[in-house]
Amino acid sequence: MTKKNPHEIAFHLISKDTLAHLSSEEKLAYILNEVKHGRILVLEAGLTPTEQTDLIQTTMREINHDSFIGIEIGGYEPEKTSFIHRMLGKPQRPRMTIIGPAHLLRLIKKDDTRIETAIIPTKGAG
Amino acid sequence: MMQRVFGKRHARIGIYGPPNVGKTTLANRILRDWTGDIMGSVSEIPHETRRAKCVTNVHINNGGSSLNMDLVDTPGIATKIDFHEFMDQYGLSKDDSRTRAKEATEGVIEAIKWLDDIDGVVLVMDATQDPFTQVNVTIIGNLEARNLPVLIAANKIDAENASPATLKAAFPQHPVIPISALTGYNTDGLYTTMIKEFGRKRKKPRSR
Chain A
1 MTKKNPHEIA FHLISKDTLA HLSSEEKLAY ILNEVKHGRI LVLEAGLTPT EQTDLIQTTM
61 REINHDSFIG IEIGGYEPEK TSFIHRMLGK PQRPRMTIIG PAHLLRLIKK DDTRIETAII
121 PTKGAG
Chain B
1001 MMQRVFGKRH ARIGIYGPPN VGKTTLANRI LRDWTGDIMG SVSEIPHETR RAKCVTNVHI
1061 NNGGSSLNMD LVDTPGIATK IDFHEFMDQY GLSKDDSRTR AKEATEGVIE AIKWLDDIDG
1121 VVLVMDATQD PFTQVNVTII GNLEARNLPV LIAANKIDAE NASPATLKAA FPQHPVIPIS
1181 ALTGYNTDGL YTTMIKEFGR KRKKPRSR
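Taken in order, these protein sequences are the chains called A and B. Residue numbers are given in my numbering: position 8 of the first sequence equals residue 8, and the series is strictly consecutive. Count along the second sequence starting at 1, add 1000, and that's the number in my numbering.
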């Protein structure tokens, strides 16, 4: 295992398959644990809106004002589903989403086609 | 009988949105217009409202149509809360800032919990700001998943750089009403749309 450089920011690109077998609770616990350890995650398949609100709630419970001030999150709109799927109550499929600790990651702008983020300098993560 | 046929005329309506978009200013405006009361204090410092407040039986009408509602003013929803912001940008003391930040985290949790108990939402957005924030998108997605009616109040229309057209383009699937909660501009239009949208009979919301 290589030694961590405190000035490096860790990006983890998480495949759809990695999270596919997890329940929503397990998924949120995994994400929050990674983010609290200073890692920025790029999820190939993001979270449903319900999972996102649950993540916000869980984040608020975990905020420690000296070490963890919350998260930054940005994702594309869910895929549009067909009329038939909506009639059958099938949920929209979430798309690529970036999530990181708010002291390291800042969302600058997002729209339908582009998500711009910035790394906040002088902070390290592993 | 008419209500059974044409739908619900009593609804619990939540005022939602990120911090500092004017939720409590709007709640105060609605209450002042229809009850003569106010909901709570407002401030330029974010997270002024840190507990949800509910006022029952607010009756609004527009000619022949009316709506009786319980109005819930909720704390601003955010993904991060840093007490340093209150100290550095607004000059609060360290103790006051930490207390405010702690209460604000509890307020966010409470606001989200209220989603289980409401029939419709007035989502307040700042018409001078970029509407594509994750909080806005997340709230709308969550309400759509619950099949709850959403009305977007494009607030601060009195500001020089306000652009309600940007909000309309961003969320074409929902009614967007340009208003100024501060001056009262177009609140009549808001009330008309609230009666129309929230008085309508809807399918029972799906479980989450």
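Some clues are possibly wrong.
[Said to hold, decoys possible] Not the full set, but computed from the structure, chain A residues with beta-carbon under 10 Å of chain B: (1) A10; (2) S15; (3) A45; (4) I56; (5) I71; (6) G75; (7) P94; (8) P101; (9) K109.
None of these hints come from the bench; they were simulated from the model. Backbone N, C-alpha and C fix where the C-beta goes; we use that ideal spot for every residue, glycine too.
Cross-check of the supplied hints:
1. A10: violated, 19 Å
2. S15: violated, 22 Å
3. A45: At about 15 Å, which exceeds the 10 Å cut-off, the nearest Cβ of chain B leaves the hint on A45(A) violated.
4. I56: Where the cut-off is 10 Å and the nearest Cβ of chain B is about 6 Å from I56(A), the hint holds.
5. I71: holds, 5 Å
6. G75: holds, 7 Å
7. P94: At about 9 Å, which falls below the 10 Å cut-off, the nearest Cβ of chain B leaves the hint on P94(A) intact, so it holds.
8. P101: holds, 9 Å
9. K109: holds, 6 Å
Violation of the numbered hints given earlier is confined to hints 1, 2, 3; the remaining hints are satisfied by the structure.
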